[in-house]
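Visitor: Protein chains in written order, with my numbering: chain Y, 1 to 135; chain G, 1 to 438.
The set of hints was computed from the structure by calculation and includes no laboratory data. A few of these clues could be false.
[As the list claims (entries may be wrong)] Below, computed lysine to any residue pairings styled on SDA-like, alpha-carbon distance capped at 25 Å:
| # | chain 1 | residue 1 | chain 2 | residue 2 |
| --- | --- | --- | --- | --- |
| 1 | G | K138 | Y | K94 |
| 2 | Y | K94 | Y | M123 |
| 3 | Y | K5 | G | G218 |
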Amino acid sequence: MVHFKNRYMVMEAFIDTAGKGQSDPLILTQLNVTKAIRDSIQINFGECGLAACLGSLQDHQKVWAAITMVRSIGKIPVSFNLRDVSGSIRACKKAALECEEAKFEYYKLAAGDRITPKFVETMESCFNKIKGLES
Amino acid sequence: MALAGFFDLSILPNDSKSTTANTSIVARALDLGYSAVALDHPHRGLLADSHAPIASSLLLPPSASLHHRRHPFLQYTRITLSLDSAAACASALAPSAARLLRTYDIVAARPLTQAAFDHLCQATFDHLDIVSIDFSHKLPFRLKLPMLKLALQRGLHLEIAYSPLIADAASRRQAVAEAKLLVEWTKGKNLIISSAAHTASEIRGPYDAINLSSYLLGLSTQRAKAALSVNCRSLISKALRKKHFYKKTIRIDRLLPNKQLNSANFKLADWIGWDPMPHEVDLLSLDVNPEPSSDKYELLSYKGEPQSLDINPEPSANKDELLYLPINALTEASSHVPYDGDESLFVEQQEQLSHGNEILFPVETQEGPVQVSRGESLMTCVLSTLPASCEQHSVATNLDNPGNNETVMAHDVQTAAVSSFDLKGIEKMLNLCMMLWN
Chain Y
1 MVHFKNRYMV
11 MEAFIDTAGK
21 GQSDPLILTQ
31 LNVTKAIRDS
41 IQINFGECGL
51 AACLGSLQDH
61 QKVWAAITMV
71 RSIGKIPVSF
81 NLRDVSGSIR
91 ACKKAALECE
101 EAKFEYYKLA
111 AGDRITPKFV
121 ETMESCFNKI
131 KGLES
Chain G
1 MALAGFFDLS
11 ILPNDSKSTT
21 ANTSIVARAL
31 DLGYSAVALD
41 HPHRGLLADS
51 HAPIASSLLL
61 PPSASLHHRR
71 HPFLQYTRIT
81 LSLDSAAACA
91 SALAPSAARL
101 LRTYDIVAAR
111 PLTQAAFDHL
121 CQATFDHLDI
131 VSIDFSHKLP
141 FRLKLPMLKL
151 ALQRGLHLEI
161 AYSPLIADAA
171 SRRQAVAEAK
181 LLVEWTKGKN
191 LIISSAAHTA
201 SEIRGPYDAI
211 NLSSYLLGLS
221 TQRAKAALSV
231 NCRSLISKAL
241 RKKHFYKKTI
251 RIDRLLPNKQ
261 LNSANFKLAD
271 WIGWDPMPHE
281 VDLLSLDVNP
291 EPSSDKYELL
301 SYKGEPQSLD
311 INPEPSANKD
321 ELLYLPINAL
331 TEASSHVPYD
341 GDESLFVEQQ
351 EQLSHGNEIL
361 FPVETQEGPV
371 QVSRGESLMT
381 CVLSTLPASC
391 EQHSVATNLD
401 NPGNNETVMA
411 HDVQTAAVSS
421 FDLKGIEKML
431 NLCMMLWN
């Protein structure tokens with residue numbers, strides 16, 4: 001019997017604000033992201049599928065497929081993209097940091113002088129949040 | 001993640017919308033890690049001259065530089081003909097329509113009736129590459145195993161779009177049911193998976209698409225991955241070879257006077273040189289290079305010829321170098337690819353062309369001026385002749401054979417796999433060339 005393994009996925013969310021005007025920007029929270037994924041599993045794989053997924057967290061392919069099929073959170077179109085999948089949080093942390101840093105670097109290049117110290121601060125706190133994840 | 005060269009061969013740019021919307025789709029595909037996309041133009045009815053592709057590729061926003069890519073991002077054009085009867089199939093894909101179809105890189109057909117589907121699978125069309133089946137609605141015909149087998153035999157690719165899988169529940173149900181049958185019967189062979197996305201939010205990352213199709217449609221992960229990468233690659237190389245090669249093997253370059261070769265001309269060169277899967281498709285090159293200054297080639301001059309021939313039967317020791325050679329043309333346009341000056345030799349040579357009308361170079365294939373080493377299969381044979389004076393011209397001939405078993409490879413290249421260099425063949429070509437020149 002193979003030992004039960006966890007799978008951790010690093011997802012990237014693309015939020016499309018362009019289409020519906022600049023109403024109110026979506027803030028991703030743990031709550032609305034889980035709700036969206038949970039709903040997607042329920043719609044696509046039914047009550048039993050949801051129970052199987054939540055109960056044991058096995059079958060990461062199913063959860064992953066459900067995440068792929070998420071189209072919106074609330075009314076704002078969102079799509080998820082997988083950056084990394086691995087068996088340990090440490091590896092995921094590394095992948096997430098790399099991704100964030102690359103994006104931040106690019107943003108710095110694009111924004112040039114217009115970058116505010118407040119934004120840098122927020123980014124730093126985000127990096128620390130990722131670093132502070134248990135491993 | 002490993003760079004494996006993913007393709008999305010169906011992106012539907014909206015003609016009515018502003019170009020920014022279209023650009024955002026392509027930019028999203030780039031962000032997600034695709035290395036090439038095809039912009040699809042759905043079409044119904046007869047083709048007219050006005051339907052030639054207008055903008056072949058969209059300009060990418062500067063965010064593209066975020067991706068420090070080894071390879072340029074390629075954009076192909078594709079036309080999807082909706083056909084509703086056998087007669088429509090025959091007329092739309094008849095040889096008389098070839099001139100227009102040729103202006104697109106990829107030609108796909110979407111059957112709307114049973115008769116059209118059967119006809120597409122049975123008859124042979126020179127220019128058809130993909131049979132695309134719309135799974136988002138109830139299929140107006142029945143898929144039949146013998147027909148599919150016929151289509152596969154003739155090397156047609158079958159396309160499944162995954163956008164119905166992430167759209168609303170009804171189309172998802174429909175798509176899973178029908179596409180699963182297709183997957184089961186083709187077993188993933190000659191299958192390509194594309195997005196058919198109208199908006200940026202409909203595109204998913206390549207690995208997401210692989211997982212989605214493998215989980216919902218019952219493909220194995222390897223097959224699903226192949227459907228997004230290797231199959232598309234072989235499809236494109238086959239399609240381009242049909243369009244730009246004489247007898248599918250010999251490339252005919254148009255050399256324009258006082259004009260840099262634009263990126264459109266170099267698409268194919270990029271394609272040949274660009275090798276995202278270096279272990280699967282190997283290279284063989286034969287360079288006959290008259291410049292003695294290039295010290296990386298072994299000099300081999302022989303008497304009786306006005307030119308000195310410089311023959312390099314080995315693929316250059318550094319494989320990467322070889323891979324980059326043709327890419328540099330695109331580097332001119334989009335400077336994502338870092339390269340050394342040394343590698344730009346090929347391009348420089350092409351650009352030096354100060355003179356010359358279009359040279360069509362009728363080379364016989366049976367000479368086989370090719371030497372095989374390391375059992376490799378992609379052959380790039382660049383013949384250039386410099387008639388010692390200030391006049392310069394070159395003729396580039398490329399033999400291309402990506403190492404897929406199922407690719408239609410003309411047998412004459414197989415015969416080219418002799419281990420000796422047929423100097424007579426070259427001599428003949430040179431003479432011919434001189435004749436054309438004078």
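Visitor: Now tell me if each hint is right for this structure.
Guide: Hint check:
1. G:K138 with Y:K94: violated (45 Å)
2. Y:K94 with Y:M123: This hinted pair holds, its Cα atoms lying about 16 Å apart.
3. Y:K5 with G:G218: Judged against 25 Å, a Cα distance of about 23 Å means the pair holds.
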